[in-house]
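Sequences listed follow chains Y and V, in order.
Per the working numbering, the first sequence runs over residues 1 to 182.
Per the working numbering, the second sequence runs over residues 1 to 164.
In case anyone wonders, no lab produced these hints; they're calculated from the structure.
Yeah, the Cβ is synthetic: ideal placement off N, Cα and C, and Gly gets one too.
Here's a subset of chain V near chain Y, in silico, CB distances under 10 Å, partners left out:
{"#": "1", "residue": "A55"}
{"#": "2", "residue": "Y138"}
{"#": "3", "residue": "T160"}
Looking from chain V toward chain Y, a few residues come up when the C-beta cut is under 10 Å (computed):
{"#": "4", "residue": "L18"}
{"#": "5", "residue": "I20"}
{"#": "6", "residue": "T24"}
{"#": "7", "residue": "F33"}
{"#": "8", "residue": "L34"}
{"#": "9", "residue": "L35"}
{"#": "10", "residue": "S56"}
{"#": "11", "residue": "A132"}
{"#": "12", "residue": "Q134"}
{"#": "13", "residue": "E135"}
{"#": "14", "residue": "A139"}
{"#": "15", "residue": "L141"}
Given next are the chains, with one letter for each unit.
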Amino acid sequence: MARRFKMKINHNSEFDLDLAPLLAVMVKLVPVLLVSSAFVQMMIIETELPQVVQQAIAKQENNPKAAQVAVEMNKKDGIRIIVTENGQTKVELVGLNSEKQIDMPALHAKFQAVKKSHPEVFKIELSPDADVPYKEIVRVMDEARKSRSNDIKFPVKNEQTGQETSTEYMFPEIVFANLMDG
Amino acid sequence: MKRNRYKPEIKRNQTFALNITSMTDMFTILLVFLLQTYSTNDVQIDPVSGVRLPASNTDKNPVNGIKISISPTELKLDQLKLASVTDNKIEQAAIDPNDGEFIKPLFEELQKLNEAHKLKPDIKIGKILFQADQEVPYATLRKIMYTASMAGFPNIKLVTVVGN
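Next comes chain V alone, as it looks inside the complex:
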């Protein structure tokens, strides 16, 4: 006698309902979190790698400007590396031998921007968004601010993170 092999009954037209309740819960939590971090600022500043900004309770939103950053390893203008930094000090080769506060590559780049944008007639137009690592001493900050002032950018905005 031939044995009948078991064949599972498959209904070709059968549909099944996926339980999406837990997925909806997850999306709701995600949505609330994203709504909290949603930014309505016109200007977004990208954090510079290696720069730990100090915390401040200021409530002023960022504005457009030329971005200068100093991390424990380098001084940058936007994405362009201007000088190396060692022990929170700018390398000696970048400093003018006649003026210890003057950073030559930074001045030259800012001058180029001045010429390109024709900002020279009204120096107060030039705004700088300054992102500095929280451990950088004032002596190094002063060199950058001094050079920026000399290049016609006296309006320096200090970028900080929100917090106390």
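For reference, chain Y alone in the conformation it holds in the complex:
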């Protein structure tokens, strides 16, 4: 009677994985990544806009009767949002909070409200006072550019297809209105 071959398995045996090739690859990869790493990531302000938004901006620029939104920044009083439409002017004020800083959540809410009432407007004219620091200007531009909430979007009409779509952009085009005032 033939005996069945039984392979001996030693369950207590150990083996060493050869990590040398893996290490060799890593040693080559690390210098390559070190050279191409950006430890301080920098961006620029001038957002690339979706095509429908660009068309809407062009349409607004061609329409002299479109509402105009001006934003005045003042270190003492805060922000004044001035909406001019059909010769009528409406002013909204966003004051400073208890830490004497601009109340950014309130400002964002005001921008959203203005955008909801004037969805065709994409440009604002920003006029900061001479003593307003650069970081405050950038923060206001951030608040105006895009809606922070994914739930709140604004209607925009695609001029080519005629269909209505939505965008999170509020006022992506910001112009320094008092640049040439002197």
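Knowing the structure of chain Y, use the given hints to seat chain V on it.
Relative to the frame of chain Y, chain V by itself:
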């Protein structure tokens, strides 16, 4: 009787295995960190010494352009110092006496670039990457932007760091 001196047994052909597991662990962590910071941008902007850029949530990658920077101590065009800055104000000697917003050395250098690159026929080609310290007031920024516009560079990109 002569004492036998102890001689350690040395095997000439002996090899030993270096334990590289911990080194591999370290390299793996390093690799993950570097992969996270790996930049695929075409244009890399080097931070200017002394300039603390403001944080912004913009998601636009940098483009090529002429680099102007203003730190609490100096106004520079690329690596060239144009004027000194004291208390976040550009030195009076660099300002045109007839126009308080006009920075003469900056205008002259931009004009030279205009002539060199023959950008004059289409002024919108001229792009400026503007790196300004976050505490610089708008009055100083306005002087630079005004002068750049006058020199034919109305397209100014504000460089910021990523963050909220």
